[in-house]
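*Asks:* Okay, here's what each chain looks like letter by letter:
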Amino acid sequence: MNTLLSPYRILDLSDEKGQFCGKMLSDLGAEVIKVEKPGGDPSRNIGPFFRNEVDPEKSLHWFAFNTNKKSITLNLDLHEGRKLFKDLVKTADIVIETFDPGYLAGIKLSYEDLEKINKKIILVSITPFGQTGPYKYYKAPEIVAWAMGAHAYQVGEPERPPLKMSHHSQSYLHASGQAAVAVMLALHHKNNTGEGQHIDVSIQESVLHSTDQQETTGRWDAIRQLRHRGMAWPRTGLKTTSRWTCKDGYVIFVFWFGLSAHYTTPLIELMKEQNECDDFLANFDFSKFDWADATQEIWDKLAEPTQKFFLKRTRAELYQYALTRRIQLFPIQNPSDYIDDEQLESRNFWVKLNHPELGESITYPGPFYKSNETAARINRRAPLIGEHNRHIYHDELGITLEDMQKLHIKSVI
Amino acid sequence: MVQKILEGVKIADFTWALVGPITTNMLSIFGAEVIKIEGRARPDSRRIAAPFKDNIPGLNRSCNFNTYNLGKKSIALNLANKKGIEIAKRIVKWADVVVENFAGTAMERMGLSYAVLKEIKTDIIMLSSSPTGQTGKYPSVRAIGSHLTALSGLQDTAGWPDMEPTGLDSYTDFISPYFNATTILAALDYKRRTGKGQYLDLSQYEDCIHFMAPLVLDFTANHRITSRMGNRSSDAVPHNAYRCLGDDRWCVIAVFNEKEWNLFCNIIDKPWLKSCDRFATFILRKNNEDELDKIIESWTILHSPEDIMTLLQNNGIAAGVVESAEDILDKDPQIAYRGFFTPLDHPEVGLYRAPRSAYILSKIDPVMERAPLIGEHNEYVLKEILALSDEEIGELIVEGIVE
Numbered sequence: 002m003n004t005l006l007s008p009y010r011i012l013d014l015s016d017e018k019g020q021f022c023g024k025m026l027s028d029l030g031a032e033v034i035k036v037e038k039p040g041g042d043p044s045r046n047i048g049p050f051f052r053n054e055v056d057p058e059k060s061l062h063w064f065a066f067n068t069n070k071k072s073i074t075l076n077l078d079l080h081e082g083r084k085l086f087k088d089l090v091k092t093a094d095i096v097i098e099t100f101d102p103g104y105l106a107g108i109k110l111s112y113e114d115l116e117k118i119n120k121k122i123i124l125v126s127i128t129p130f131g132q133t134g135p136y137k138y139y140k141a142p143e144i145v146a147w148a149m150g151a152h153a154y155q156v157g158e159p160e161r162p163p164l165k166m167s168h169h170s171q172s173y174l175h176a177s178g179q180a181a182v183a184v185m186l187a188l189h190h191k192n193n194t195g196e197g198q199h200i201d202v203s204i205q206e207s208v209l210h211s212t213d214q215q216e217t218t219g220r221w222d223a224i225r226q227l228r229h230r231g232m233a234w235p236r237t238g239l240k241t242t243s244r245w246t247c248k249d250g251y252v253i254f255v256f257w258f259g260l261s262a263h264y265t266t267p268l269i270e271l272m273k274e275q276n277e278c279d280d281f282l283a284n285f286d287f288s289k290f291d292w293a294d295a296t297q298e299i300w301d302k303l304a305e306p307t308q309k310f311f312l313k314r315t316r317a318e319l320y321q322y323a324l325t326r327r328i329q330l331f332p333i334q335n336p337s338d339y340i341d342d343e344q345l346e347s348r349n350f351w352v353k354l355n356h357p358e359l360g361e362s363i364t365y366p367g368p369f370y371k372s373n374e375t376a377a378r379i380n381r382r383a384p385l386i387g388e389h390n391r392h393i394y395h396d397e398l399g400i401t402l403e404d405m406q407k408l409h410i411k412s413v414i
Numbered sequence: 013m014v015q016k017i018l019e020g021v022k023i024a025d026f027t028w029a030l031v032g033p034i035t036t037n038m039l040s041i042f043g044a045e046v047i048k049i050e051g052r053a054r055p056d057s058r059r060i061a062a063p064f065k066d067n068i069p070g071l072n073r074s075c076n077f078n079t080y081n082l083g084k085k086s087i088a089l090n091l092a093n094k095k096g097i098e099i100a101k102r103i104v105k106w107a108d109v110v111v112e113n114f115a116g117t118a119m120e121r122m123g124l125s126y127a128v129l130k131e132i133k134t135d136i137i138m139l140s141s142s143p144t145g146q147t148g149k150y151p152s153v154r155a156i157g158s159h160l161t162a163l164s165g166l167q168d169t170a171g172w173p174d175m176e177p178t179g180l181d182s183y184t185d186f187i188s189p190y191f192n193a194t195t196i197l198a199a200l201d202y203k204r205r206t207g208k209g210q211y212l213d214l215s216q217y218e219d220c221i222h223f224m225a226p227l228v229l230d231f232t233a234n235h236r237i238t239s240r241m242g243n244r245s246s247d248a249v250p251h252n253a254y255r256c257l258g259d260d261r262w263c264v265i266a267v268f269n270e271k272e273w274n275l276f277c278n279i280i281d282k283p284w285l286k287s288c289d290r291f292a293t294f295i296l297r298k299n300n301e302d303e304l305d306k307i308i309e310s311w312t313i314l315h316s317p318e319d320i321m322t323l324l325q326n327n328g329i330a331a332g333v334v335e336s337a338e339d340i341l342d343k344d345p346q347i348a349y350r351g352f353f354t355p356l357d358h359p360e361v362g363l364y365r366a367p368r369s370a371y372i373l374s375k376i377d378p379v380m381e382r383a384p385l386i387g388e389h390n391e392y393v394l395k396e397i398l399a400l401s402d403e404e405i406g407e408l409i410v411e412g413i414v415e
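As you go down the protein sequences, you meet chains L and W in turn.
When we follow the working numbering, the leftmost residue of the first sequence carries the number 2, and every step to the right adds one.
When we follow the working numbering, the leftmost residue of the second sequence carries the number 13, and every step to the right adds one.
None of these hints come from the bench; they were simulated from the model.
Do not rely on the hints blindly, as some may be mistaken.
Calculated cross-link-like contacts (lysine-lysine; reagent style BS3-like; alpha-carbon spacing at most 27 Å) [unchecked claim]: (1) L/LYS140 with W/LYS298; (2) W/LYS22 with L/LYS191; (3) L/LYS109 with W/LYS375.
Simulated restraints, written as ranges between beta carbons of each label pair [to be verified]: (4) L/GLY195 with W/TRP106: 24 to 30 Å; (5) W/GLY362 with L/GLU160: 34 to 40 Å; (6) L/THR315 with W/MET175: 16 to 22 Å; (7) W/THR293 with L/GLY195: 54 to 60 Å.
Quick partial rundown of chain W residues pointing at chain L, CB under 8 Å, derived from the structure [to be verified]: (8) LYS65; (9) ASN67; (10) ASP168; (11) THR194; (12) TYR211; (13) ALA225; (14) LEU227; (15) ALA233; (16) GLY242; (17) GLY332; (18) VAL334; (19) PHE352; (20) LEU373.
Every residue gets a Cβ at the ideal spot worked out from N, C-alpha and C, and that includes glycine.
From just these sequences and the hints, can you work out the full model?
*Replies:* Okay, structure coming up:
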């Protein structure tokens, strides 16, 4: 099948802050060439690693966000390296970069410089706070980006510090997602007008957009109220929960009332069938009850048998009930739980990619959309360092193998 | 010179709640003409979601709705009625793109499936974003963001190691829109090249697993299941949020290497830490992190988070204010400098501040216009777009088709 973005070529200079942008566009069919410094991009040192072997060719973080891409090595700090890069810009549509603001201008590769070589070029810069403003040179590892984008403030427990999410950066993925939309807008503009442009993505602003602005800025703007950590929903003042302990973990379940009672009643029916429903719960009319009339006593009476029912069953058992009986209940899963999820499997979501160097195939999250006319594709593992040097420099730019060797000795490639 | 990037792109918007409206908001603020098809009997769930301006409920007063529906036009249509569906189909005939985010297969039940709409307009692009996709064994699962954070594993990675996972509200609702908007714009490009429309089926469950990708691979390649780490990092120590001077005020600090560590000890005026056996190496600092955090907090508690951030960042150490909405809207000089919020005048709520995109394009600005009142553009849509006569419109109103 055809791909959506087959005509386009992207030069990807980005580190972990921007690699998911190129990955999304590559899934849609764009040709993405990762331009790495000789020796490999430093983001290859981010864990976890294949079999815990710390090695720039075994970073699972790198594998995850660079599928399909090609890799060439190039030293942009050297004049000859910049010359080669400019040759590549002539035939490219998009350049993605995550250097500190001003770095590219310092080596004469700013948008203005690139525009002179190719007036249609689109340059995407993804930086912690954007290209302008008083914080533009501030550092923003995940914990800082997440905090300054107003997400940490509302995540966590009331008695403990504000919280980031564990492991890899969420902030950078949000910025990369925003950047992918921006690239598509700029491509649309280019195809209408023939001109490219410079896109300035702020990671802080991206994190801000990843919060519910009803609860953050909207709440403050409209009624001068802040949302604090642990302000649970529904906000009744009662001690309630949507997160329940079951036999092997947690499930999310909310009692619905009134017009939405049909999300709850199948559970009560099930509990009745299993003889685990007391009289109060069995006779409770969810469709007539108004949550505004709830008291702690009513909640506790609803919760007690329900909690007992959950504690006797695993997440998988409860979710299976939920799917077949249309109860709105969901397990808190981790990847080991959903790797054989029936729904994902029946949509052929997972993709196996061969890693010949590792002597193994690894299962990856698959294409993010399905269509009757085009297909997303994830068909090649992330590239090795400089894997496509010969293909790009020799086959395409016509540099002889001898001259490539010279460039290698001079640390250009 | 084109004034709006998406000038002339016409979108029939059946979306509600968050994922769909945020998707079309990304397009409307760059000039797409978005007709929001909603109803008074069953309004967009966010029109009836608190908080409301001045705490007064009203279909036009929800700050959430007014944030995520900028520049859209609203027609209030009774889609429970066959005639309402017919009007909706005529809007589809006018449109280039149809977007919806109901539970899987709901559009089919309403008689508005892709197969039907394609008959009306052969090159239509239709995007559906549903909890689990339109195909497979369980296509019609009804779920909201807080369910998908649980399913996708995102919630399991948020929290303290000694506690249950923390709540993330509807976090996933802010992830799926990237996939949706990118795919719609790519499909428009494909149509420009080939003349062909298509149906785009996205599953929010699948979108969000992409935001878990390194942890997925850690399981599929290493069979490892990772657990919650609170604010800890394997790459930096200290690495936490610390209480500062003031009421519920916090800063975050991250120190990555020996050079930064030595500098940090001097800056916080505790040079003795450097020669302390318990903190002599990265590994020792990790082993004694609780104790170290207490020592650092004995310093941060004396200062404002702004002062700490400025002091550390000026010395090249990563630090930041844990910003509240008040900080973002009224104090952060970076957000103000970049003009992230635009005050918009709304007939019912007065001035409110709306966020632009998370990016600035050098050649063209977003179009910042307020969200529509419900049914505000009934007449425009029926008269200007569908060219109905006054009599026909009158009938639709009398029959309660247009609300």
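*Asks:* For every hint, state whether the structure bears it out.
*Replies:* Here is how each hint holds up against the structure:
A hinted pair counts as satisfied when its Cα atoms are at most 27 Å apart, and L/LYS140 with W/LYS298 qualifies at roughly 22 Å. Taking the CA atoms of W/LYS22 and L/LYS191, the gap is near 19 Å; set against the 27 Å cutoff, the hint holds. Between L/LYS109 and W/LYS375 the alpha-carbon distance is near 21 Å, which keeps this suggested pair within the 27 Å criterion. The beta-carbon spacing between L/GLY195 and W/TRP106, approximately 28 Å, falls within the hinted interval of 24 to 30 Å.
With their beta carbons about 38 Å apart, W/GLY362 and L/GLU160 fall inside the hinted range of 34 to 40 Å. Taking the beta carbon of each, L/THR315 and W/MET175 are about 21 Å apart, inside 16 to 22 Å as hinted. Distance hint for W/THR293 and L/GLY195: a CB-CB separation of about 58 Å, consistent with the stated range 54 to 60 Å. With a cut of 8 Å, the hint placing W/LYS65 at the interface with chain L holds, because the nearest CB-to-CB distance is about 5 Å.
With its C-beta approaching chain L no nearer than about 6 Å, W/ASN67 sits inside the 8 Å limit, and its interface hint holds. Taking 8 Å as the C-beta contact cut-off toward chain L, the hint placing W/ASP168 at the interface holds, the least distance being around 5 Å. Taken as an interface hint, W/THR194 checks out: its beta carbon lies about 5 Å from the nearest beta carbon of chain L, inside 8 Å. For W/TYR211, the suggested interface contact is upheld, since its CB lies about 5 Å from the closest CB of chain L, less than 8 Å.
Taken as an interface hint, W/ALA225 checks out: its beta carbon lies about 4 Å from the nearest beta carbon of chain L, inside 8 Å. With its C-beta approaching chain L no nearer than about 6 Å, W/LEU227 sits inside the 8 Å limit, and its interface hint holds. Checking W/ALA233 against chain L by beta carbon gives a least distance of about 5 Å; that is within 8 Å, so the hint holds. Taken as an interface hint, W/GLY242 checks out: its beta carbon lies about 7 Å from the nearest beta carbon of chain L, inside 8 Å.
The closest approach between the C-beta of W/GLY332 and any C-beta of chain L is roughly 4 Å, which is under the 8 Å cut-off, so the hint is satisfied. Annotation: interface hint on W/VAL334 holds; nearest CB of chain L at approximately 4 Å, less than 8 Å. Hint on W/PHE352 holds. Least Cβ distance to chain L is approximately 6 Å, under the 8 Å limit. Checking W/LEU373 against chain L: minimum C-beta separation of about 6 Å stays under 8 Å; hint holds.
Checked against the numbered hints above, the structure breaks none of them.
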